[in-house]
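So the sequences go chain by chain: A and B. Under this note's numbering, think of the first position of the first sequence as 1, with each following residue one higher. Under this note's numbering, think of the first position of the second sequence as 277, with each following residue one higher.
The set of hints was computed from the structure by calculation and includes no laboratory data. There's no promise every hint is true.
What the hints assert, rightly or not - Interface residues of chain B toward chain A, partial, derived using beta-carbon atoms under 7 Å:
1. F306
2. P327
3. G330
4. E337
5. I347
6. A349
7. A352
8. S354
9. E370
10. F501
11. G502
12. H508
13. V509
Where a beta carbon is used, it is the ideal one built from N, C-alpha and C, also for glycine.
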Amino acid sequence: MFDYESYLRKDKLPLIWCAGCGDGIVLKAMLRAIHKIGLEKDEICMVSGIGCSSRLTGYVDFNTLHTTHGRAITFATGIKMAKPELHVIVVTGDGDATAIGGNHYIHAARRNIDLTVILFNNSIYGMTGGQVSPTTPKGKRASTAPYGNFENNFNISGLAQAAGASFVARSTVYHATQLEKIIEKAILKKGFSLVEVITQCPTMYGRRNREGTAVDMMQWQKENSIPVSRAASMSEAELEGKIITGILVDAEKPECRAEYQKIIDRFTATTETVEK
Amino acid sequence: MSEKDSTNRVQVLSGNEACAMGALAADMRFYAGYPITPSSEIAEVLSLELPKTGGVFIQMEDEIASMGAIIGASLAGSKSMTATSGPGFSLMQENIGYASMAEVPCVIVNVMRGGPSTGLPTMPAQADVMQARWGTHGDHPIIAIAPYSVGETFDLTIRAFNLAEKFRTPVILLMDEILGHVNEKVVFPRSEEIQVVKRNRPGVAPQNYLPYANTESGVPPMVSFGEGYRYHVTGLAHDETGFPTNKAQDIERLLLRLNNKLERNRDQIIDYATDQFEDAEIGILSYGSSARSARHAVFLARQKGIKAGLFRLKTIWPFAGQEIADHTARLKAWVVPEMNLGQIAHEVEWAVGRSVPVHRINRVDGNPINPLEILAKIEEIC
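Chain A extracted, bound-state conformation (with noise of 0.2 Å):
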């Protein structure tokens, strides 16, 4: 059996999350991927934001930053761009990023800086007691959308896409195989790269919609993905509520900070001609 308590600040434990939250499934994920590349923890800088899942940074053995709300992928940019050679992992919600730090996402993504950030889709403000975020689907209820969300939702991993994002990629706490799988080539791609897992929030979303128990919800998540190859072929229409799940953006871009040592280098390299 794989030794995650190698990789947890054991007396940080137990973590804060509910019963039945996802949020220790994308973390065991993720962890196992970590393992399998074979990174050491003193290479991994993981960066939070605000909200339950960006909680997950206390209780990582890494070099862990858990940062303002909406700005974890503006202090892990500083990081990056100071000391490229640290692997830098972003742990975020919807609202933390997309809401609050919406900015910030786009913009990382079209710079395509050597940032991987998992991105917990719950659907909702969690810790504030369930109030409605960007993803957070038409129609559904919040604690302040007591009578059904009137709101557009967000397309996440659309949003990364268009923006320029060199890696995108779906997947759910159901599908934990698929998501360690996802995660590892995540991390070892040269680029921005997100990672959007759909994860059930049963205390505060599930309950004031009818969702069911943890299991229920977990089950809607095996009941309702397609997989993308499978999607290629489906109408909008038959799409619609569902999640698509996979590699949706595996592409060869210039990555941010590769980009800026090539400027360095034009100065380093000026030096060597002149002492030789």
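Here the structure of chain A is known, so what remains is to put chain B in place on it, guided by the hints.
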């Protein structure tokens, strides 16, 4: 500054250029910023110069992101800074508080312009003095310093980095539009004359490292990410290990240490200059560009036989209240010219109590204070 030594040590340049050059001399190697008048030349110079040093320049999507990026870069081991003006400074406030709470050294330059709101983008003011002190929420420590000439901008920019590193805190360099854009002669110090403070690293093994230890000086040693010391940084109230805590005793200890670390070391932080103050009866207290007018007013008053003297603040926060009180004994009055509605005058009143009157000279119309306005006030109260 080897480049400076081999070329001309005497140059004519603007305050914004001097600020950028001071930052490079202080070994700043990471700049993140967003364009805003009247500070943009700082970013322009650094975008040109930083890659030559192996350092990084990045233009972020806004000032919030710029502040986040410089905190991240500082934690990764680079001395870092950003530069902005009023509206951008407002946007940075939440993350300035984070840097204060998480004790991440960094420098924030605010080339002040008229406010509130969009205000006067191309005209000077000194209206962000209180924002520099209390702009972010919560009781927090902060250092703010203010140069008054182009040459001093170079020196105080280096000092800003040294104070940030020494006390693990954000330092705000308060300039203004006049200082940013005025061109003056600068005599650069020789490289061996420039003192650069290095980060105080822990002398213990990783397993014994407490990133927020209650040290005697109040300033815990700091190590960069990726050097084998895996620790946690958060804006939440935390204990000595850096992890969040809800224990009243730990929270109070953190907050008191944070706030006391600057107060305890105020003698090392507070800096001011006096001019013709020895026999002065009228004290002119000023800072930044207003102090340039104040200095000339003292000269004009002396020509008329009035014993006026200048007390110029170089450190704004922590406030030199005690030093001002100590300089009050022989005075008939203080005069405080500043380009705001009395933000520092109010502090001077607190410092001297009712011992002498404190006269204000305030301008908020986008124009600098004329030395003749100050002279008129001096003559009026004599």
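Quick one, is the G502/B hint okay against chain A at 7 Å, beta carbons?
-> 5 Å, holds
Holds or violated: is the Cβ of F501/B closer than 7 Å to a Cβ in chain A?
-> 4 Å, holds
Verify the interface restraint on H508/B: the C-beta must sit less than 7 Å from at least one C-beta of chain A.
-> 5 Å, holds
Is the hint on P327/B kept, meaning its closest Cβ partner in chain A is under 7 Å away?
-> Status holds, d = 5 Å.
Taking 7 Å as the limit, does the beta-carbon of I347/B come near enough to a beta-carbon in chain A?
-> 6 Å, holds
Do the numbers back the hint for S354/B, that is, is its least Cβ distance to chain A under 7 Å?
-> 4 Å, holds
Measuring from the C-beta of A352/B to each C-beta in chain A, is the shortest one below 7 Å?
-> It holds, given that the least Cβ distance between A352/B and chain A is near 4 Å, below 7 Å.
When the nearest CB of chain A is found for E370/B, is that gap smaller than 7 Å?
-> Nearest chain A Cβ about 6 Å off; hint holds.
Does E337/B pass the interface check with chain A, least Cβ-Cβ distance below 7 Å?
-> Holds - the Cβ of E337/B comes within 7 Å of chain A, reaching about 4 Å at its closest.
Against chain A, is A349/B within 7 Å by beta-carbon distance?
-> A349/B check passes; min Cβ-Cβ to chain A is 4 Å, inside 7 Å.
May I ask you to test the interface hint for G330/B with respect to chain A, counting a Cβ-Cβ separation under 7 Å as satisfied?
-> 6 Å, holds
How about F306/B: closest beta carbon in chain A under 7 Å, or not?
-> Where the cut-off is 7 Å and the nearest Cβ of chain A is about 5 Å from F306/B, the hint holds.
Violated hints: none; the structure is consistent with every hint.
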